[in-house]
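Asks: Sequence:
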Amino acid sequence: MSRQSWVLVVIAGILALATLVGAVVLAVRVVRTRRLLTGLGAGGKVAFYGALIYTIFPVDILPDPIYLDDMGVLAGALIYLTRLVHKRRAAGRSLPGQPDGPSTPERTRSVR
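So the sequence shown is numbered by our numbering: it starts at -15 and just counts up by one.
No lab work stands behind these hints: they were computed from the structure. You may find that some hints are simply not true.
Stated by the list, open to error - For each label pair, taking beta carbons as the anchor points, the in silico distance ranges come out as:
(1) R16 with L(-8): 47 to 57 Å
(2) I45 with V9: 18 to 28 Å
(3) G27 with V(-9): 41 to 51 Å
(4) V8 with Q(-12): 48 to 58 Å
(5) W(-10) with A74: 46 to 56 Å
(6) Q(-12) with I40: 34 to 44 Å
(7) I40 with R19: 14 to 24 Å
(8) W(-10) with K29: 41 to 51 Å
Idealized CB from N, CA, C, for every residue including glycine.
Using the sequences provided together with the hints, build the complete structure.
Replies: Here it is in structure tokens:
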């Protein structure tokens, strides 16, 4: 192989590794939101489990060495779940595993 071919192989390997790391980071972030699922309703559960199943399932839109489609699905699920959490907080309802509200000095004084 020529020097130019080796350079292309190394660059392709680095890009594949970078997308794999990105997909793993997004998967970990989505899994961390699992503790909030009971308060997010059916849509949150479908987004969570759908994204994880798509990522793990061997049949993809793009072949597995290219993780861009997996990253897109995980990022979309993470954005959707984040919006559900913000809507729930804006409605004044607390989520499981989180405190009932902000801990402010005013609130602490009124409790005493």
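Asks: Hints first: check each against the structure and report whether it holds.
Replies: Results for each hint:
no. : hint                        : result
1   : R16 with L(-8): 47 to 57 Å  : violated (37 Å)
2   : I45 with V9: 18 to 28 Å     : holds (20 Å)
3   : G27 with V(-9): 41 to 51 Å  : holds (46 Å)
4   : V8 with Q(-12): 48 to 58 Å  : violated (31 Å)
5   : W(-10) with A74: 46 to 56 Å : holds (54 Å)
6   : Q(-12) with I40: 34 to 44 Å : holds (37 Å)
7   : I40 with R19: 14 to 24 Å    : holds (20 Å)
8   : W(-10) with K29: 41 to 51 Å : holds (47 Å)
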